[in-house]
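Asker: Sequence:
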Amino acid sequence: MSAISLKINNKSYSIYCLPEQVPHLNRVSTILDSKLKELNKQFPTASQDHLLVLHSLLMLDEFEELKTTIKDEAVTETINSAAEHIENLAEKLENLYHLNDGAA
Numbered sequence: 876m877s878a879i880s881l882k883i884n885n886k887s888y889s890i891y892c893l894p895e896q897v898p899h900l901n902r903v904s905t906i907l908d909s910k911l912k913e914l915n916k917q918f919p920t921a922s923q924d925h926l927l928v929l930h931s932l933l934m935l936d937e938f939e940e941l942k943t944t945i946k947d948e949a950v951t952e953t954i955n956s957a958a959e960h961i962e963n964l965a966e967k968l969e970n971l972y973h974l975n976d977g978a979a
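Numbering (the numbering used here) for the sequence shown: 876 to 979.
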């Protein structure tokens with residue numbers, strides 16, 4: 876494990892992680908730093924803890940929306956696949972009907 880220092884909203888945090896995680900943690904901490912600075916502009920008297928709670932709530936809200944979107948897309952894909960399967964079956968039944976109709 877390696878110890879890295881991440882500076883978020885002008886405060887340093889020491890984090891232990893695997894060496895291969897360092898680039899990713901640096902990337903996401905930069906994003907977090909930017910988001911907290913945006914929130915700090917909107918709420919200049921808010922404490923660091925308050926800003927972190929606000930940002931966490933915003934992230935969870937976005938996450939829940941994305942989960943709903945993914946579920947909706949999966950349901951739509953399933954419905955479309957079922958509809959296509961039904962259309963194929965209907966076409967086969969129609970072909971069988973015409974074959975039997977011609978044989979009679």
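Misleading hints may appear alongside valid ones.
[Stated by the list, open to error] When the alpha-carbon atoms are kept at most 35 Å apart in a straight line, the in silico DSBU-like pairs for lysine-lysine are as follows: (1) 912 <-> 967; (2) 912 <-> 942; (3) 882 <-> 910; (4) 942 <-> 886; (5) 910 <-> 886; (6) 912 <-> 946; (7) 886 <-> 912; (8) 886 <-> 916; (9) 910 <-> 967; (10) 942 <-> 916; (11) 967 <-> 946.
[As the list claims (entries may be wrong)] Here are the computed distance ranges between Cβ atoms for each label pair: (12) 946 <-> 971: 36 to 44 Å; (13) 895 <-> 957: 16 to 24 Å; (14) 939 <-> 962: 31 to 39 Å; (15) 896 <-> 932: 21 to 29 Å; (16) 919 <-> 897: 26 to 34 Å; (17) 889 <-> 961: 55 to 63 Å; (18) 900 <-> 925: 38 to 46 Å; (19) 939 <-> 889: 25 to 33 Å.
These aren't lab readings, by the way, just hints derived from the structure by calculation. Even for Gly, the Cβ is constructed at its ideal location relative to N, Cα and C.
Asker: Work down the list of hints and note, for each, if the structure agrees.
Answerer: Do the hints match the structure? See the list:
1. As the CA atoms of residue 912 and residue 967 are separated by approximately 62 Å, the hinted pair breaks the 35 Å bound.
2. In summary, the hint linking residue 912 to residue 942 is supported, as the alpha carbons are separated by about 27 Å, within the 35 Å threshold.
3. Proposed proximity of residue 882 and residue 910 is supported: the alpha carbons are some 13 Å apart, at most 35 Å.
4. Distance restraint check for residue 942 and residue 886: the Cα-Cα separation of roughly 32 Å lies within the 35 Å cut-off, and the hinted pair is therefore satisfied.
5. Restraint check for residue 910 and residue 886: satisfied, since their Cα atoms lie roughly 14 Å apart, inside the 35 Å limit.
6. Of the pairs offered as hints, the one joining residue 912 and residue 946 holds, with about 32 Å between alpha carbons and a cut-off of 35 Å not exceeded.
7. Annotation: proposed proximity of residue 886 to residue 912 holds, straight-line Cα distance about 12 Å (limit 35 Å).
8. Restraint check for residue 886 and residue 916: satisfied, since their Cα atoms lie roughly 16 Å apart, inside the 35 Å limit.
9. As the CA atoms of residue 910 and residue 967 are separated by approximately 57 Å, the hinted pair breaks the 35 Å bound.
10. A C-alpha spacing of about 29 Å is found between residue 942 and residue 916, which places the hinted pair at or below 35 Å, so the restraint holds.
11. Restraint check for residue 967 and residue 946: the C-alpha separation of about 32 Å stays at or below 35 Å, so the hint holds.
12. Taking the beta carbon of each, residue 946 and residue 971 are about 37 Å apart, inside 36 to 44 Å as hinted.
13. Between residue 895 and residue 957 the C-beta distance comes to about 42 Å, which lies outside the given range of 16 to 24 Å.
14. For the pair residue 939 and residue 962, the beta carbons lie near 35 Å from each other, so the given range of 31 to 39 Å is met.
15. Roughly 25 Å separates the CB atoms of residue 896 and residue 932, a value that falls within the hinted 21 to 29 Å.
16. Checked against the given bound of 26 to 34 Å, the beta carbons of residue 919 and residue 897, roughly 32 Å apart, stay inside it.
17. Roughly 59 Å separates the CB atoms of residue 889 and residue 961, a value that falls within the hinted 55 to 63 Å.
18. Look at residue 900 against residue 925: about 23 Å separates their beta carbons, and that is not inside 38 to 46 Å.
19. Between residue 939 and residue 889 the Cβ separation comes to about 31 Å, which falls inside the hinted range of 25 to 33 Å.
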